[in-house]
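Chains as they are written, first to last, in this note's numbering: chain A, 1 to 328; chain B, 1 to 417.
It is possible that part of the hints are untrue.
Stated by the list, open to error - Interface residues of chain A toward chain B, partial, derived using beta-carbon atoms under 8 Å:
1) Met-1
2) Gln-4
3) Arg-63
4) Ala-64
5) Gln-68
6) Ile-92
7) Pro-93
8) Ile-95
9) Ser-97
10) Val-105
11) Ile-109
12) Thr-225
13) Met-228
14) Ile-230
15) Gly-232
To be verified - For each label pair, taking beta carbons as the anchor points, the in silico distance ranges come out as:
16) A:Gly-326 <-> B:Pro-400: 49 to 59 Å
17) B:Lys-43 <-> A:Arg-118: 46 to 56 Å
18) B:Ala-213 <-> A:Asn-36: 24 to 34 Å
19) A:Arg-118 <-> B:Phe-214: 47 to 57 Å
20) A:His-120 <-> B:Pro-113: 43 to 53 Å
21) B:Thr-356 <-> A:Gly-117: 34 to 44 Å
22) A:Gly-326 <-> B:Pro-27: 42 to 52 Å
23) B:Pro-113 <-> A:Arg-320: 25 to 35 Å
The set of hints was computed from the structure by calculation and includes no laboratory data.
No experiment lies behind these values; they were computed from the predicted model shown.
Using N, Cα and C, we set each Cβ at its ideal position, and we do this for glycine too.
Given next are the chains, with one letter for each unit.
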Amino acid sequence: MEMQPVKFYQTGTFTVGNRLLAEQERSVQANMDRTNSINSGHRACQGCGEALGARYAIDAAMRAARNQLIAANATGCLEVFSTPYPETSWQIPWIHSLFGNTAAVASGIAAAMRVKGRRHVRVIAQGGDGGTTDIGFGCLSGMFERNDDVLYICYDNEAYMNTGVQRSSATPAAARTATTPAVGHDPGNVFGQGKNVPLIAMAHGIPYVATASVANLRDLERKVTFAMGIDGARYIHIHVPCPLGWGSLPADTIKIARLAVESGLFPLFEAEHGEITGRTKIRHKVPVEDYLRLQKRFAHLFGDPPERARLALIQAVAERNIARFGLL
Amino acid sequence: MLKQTEGSRAIAQAIALCRPEVICAYPITPQTHIVEALGEMVKSQELGRCEFINVESEFAALSVAIGASAAGARTYTATSSQGLLFMAEAVYNAAGLGLPIVMTIGNRAIGAPINIWNDHSDSMSMRDAGWIQLYAETNQEALDLHIQAFRLAEELSCPVMVCVDGFILTHAYDRVDIPDQGAVDSFLPPFEPRQVLDPSEPVTIGAMVGPEAFTEVRYLAHHKQLRALKLIPQLSSAFKAKFGRSSGGLIRGYRVADAETIVVALGSVNGTIQEVVDEMRDAGAKIGSVSICSFRPFPLAAVRDTLHRAKRVVVIEKCLAVGLGGIVSDGVRKALSGIVLKGYTVIAGLGGRAITRASLKQLFEDATNDELEQVTFLDLNADIVQHELEREAKTRRPGPTAEAILRRVGTVASQIG
């Protein structure tokens, strides 16, 4: 009989196949007992990074909380695609109030659980980058500084996708959006703007802050599980590619997310009480071009001739992240 | 128990007696004394089993209240003026979600120009947000209305604003009868939410609703207020049976039986109006007044029943629909549809301008003689207005209006009420 080499890793990735692991080492998502908290039938686009990230995050949170979980949700894609009236994907108690108040609504739920002696019921707030880094920022900061017992998860797809791809304060430099069109001098989003909410969260001194990516779902599950084991305000910022807004192939969502990490543009790290406690090292560093080329929102950088100067500026952002977080 | 106390303290006492579980607040004058008192009661454990949360804005205050109420906690907050505007989006949302939050409004003007004194511009701006709005005439009624408000809110699953004139009531020391805990407990049962976020019975709250169902959802919100029209008088009667005094209800008439002239108003100014009515009655005038307690729902039938025999109606409004005139007047006119009588709108007490007995008496006499304009601004200083209009006409860039008027007026303390 011919020998078959054992493929421990999937081709081109470092993802360990669940079937090759012992039962207890498998991911929450690989387990038949997973709760499917956000169930099938929702209206997310093909290849939606946010739907994937939310599925892994909430199921992991449910397992950690022994199914005693309530979620508050900001207005945005996740809210809209999961609750087309009269249907809902949510198998957990779930409330949507407004775009900018999700952290505060979650604080209120946590206060109600505390006063009723039901502290075993845990609270998650979730929103996109617009609902988190822009319009919901005041309530988010308030929830952080009071150290309210809430895990806030931001699904960052780097623009207002639900309203038709407009710029947010999480939109990267040079990216084309509907409000930073690829026309005129220096087309796309301007350089030197935007805010880093994970670092701002750390500045509040809250117990736990982490970044995560849908390219590394085991790591995402681990971070959510760890966060659920802590009391007080916690923040996880998940990078979730958006095929519609980024102009990428739905089949490339994971690949693009991985290139963001491997290029250094989206550093994966953890912090406790304001101090960085862990980072995910880059295994095979790639130039930012590898990441940018797969997305039409950056297509204007690759004309004839390509915009070498601005590509160098984006590469410099990656190098700064690599040095700052010690990613190599 | 009778007690000489500040209006805000009396309200705080009433809230504490209602056993709230979550109180959240952001400070704004003149609401502050209410939430300060409650914060102290929670910290000292005088008010047990209650979370007091200091938030970073009014928008957050009502948002925390939304979360707490949806999670099944009896929830209270309070605000005024700009604060109410800052939370406007959440005001509509709390009503849309049908959450029985009770909120005190320490009524205050809205800027610009910035002004901390009393009028009804703030709560009137939210009159169509879906909240029930009750206006208190006295400190005693303010106290009593809050106890009724929680029961009303929770029976209907609808938020209630109790509107209390800033400073005039909130900061006035008056004798109030504070009920005992047992009586309040027997009037106000524990909160049993009609919808609740509970892992043992997961529900989705706040889903996207399209054209196929939005009208029905909104109609049911209206229907809820129509039910409140019946429930508010019932609760007022039940309250009287339990506590021995009349508070709340839809409207209250004062010497209206044979009145040819009836004055309509909301809130604390009714006390002054009644004194003037008495004085004019003594002189033989057929005048009476009506205090509207429930502005939302607006008691069209009760107003019509009380006013339809009058020859003229004078509506005193502590608010201004700029470019139109009155806000309360609109409801009153709707109530009197098809009935021919004279109707006058009087804008009074804006930004804390004192509404004096002398001014009201002159006003009512002018009304009785049908010598009023359809829209009148009580005690408007016509000279100052005229001077400013002329000054502004002289130059292309006259500069800011309010500051120019202030320079001309100087300080007139007697006009601060």
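Quick rundown of the hints versus the structure:
1. Met-1: violated (52 Å)
2. Gln-4: Not OK, violated: Gln-4 of chain A not within 8 Å of chain B, min 46 Å.
3. Arg-63: violated (13 Å)
4. Ala-64: With Cβ-Cβ at 13 Å, over 8 Å, it is violated.
5. Gln-68: This hint holds: Gln-68 of chain A lies near chain B, its Cβ roughly 5 Å from the closest one there, short of 8 Å.
6. Ile-92: holds (5 Å)
7. Pro-93: At about 4 Å, which falls below the 8 Å cut-off, the nearest Cβ of chain B leaves the hint on Pro-93 of chain A intact, so it holds.
8. Ile-95: holds (4 Å)
9. Ser-97: Because about 5 Å separates Ser-97 of chain A from the closest Cβ in chain B, which is inside the 8 Å limit, the hint holds.
10. Val-105: holds (4 Å)
11. Ile-109: holds (4 Å)
12. Thr-225: Where the cut-off is 8 Å and the nearest Cβ of chain B is about 18 Å from Thr-225 of chain A, the hint is violated.
13. Met-228: Since the shortest Cβ distance to chain B is 14 Å, the answer is violated.
14. Ile-230: violated (20 Å)
15. Gly-232: At about 15 Å, which exceeds the 8 Å cut-off, the nearest Cβ of chain B leaves the hint on Gly-232 of chain A violated.
16. A:Gly-326 <-> B:Pro-400: 49 to 59 Å: Holds, since Gly-326 of chain A and Pro-400 of chain B (Cβ atoms, about 56 Å apart) stay within the stated range.
17. B:Lys-43 <-> A:Arg-118: 46 to 56 Å: This hint is violated: roughly 23 Å between Cβ atoms.
18. B:Ala-213 <-> A:Asn-36: 24 to 34 Å: holds (26 Å)
19. A:Arg-118 <-> B:Phe-214: 47 to 57 Å: violated (34 Å)
20. A:His-120 <-> B:Pro-113: 43 to 53 Å: 52 Å Cβ-Cβ, so the 43 to 53 Å window holds.
21. B:Thr-356 <-> A:Gly-117: 34 to 44 Å: The hinted range 34 to 44 Å is violated for Thr-356 of chain B and Gly-117 of chain A, with Cβ atoms some 54 Å apart.
22. A:Gly-326 <-> B:Pro-27: 42 to 52 Å: With Cβ atoms ~44 Å apart, the hint holds.
23. B:Pro-113 <-> A:Arg-320: 25 to 35 Å: violated (48 Å)
Checked against the numbered hints above, the structure violates hints 1, 2, 3, 4, 12, 13, 14, 15, 17, 19, 21, 23; every other hint is satisfied.
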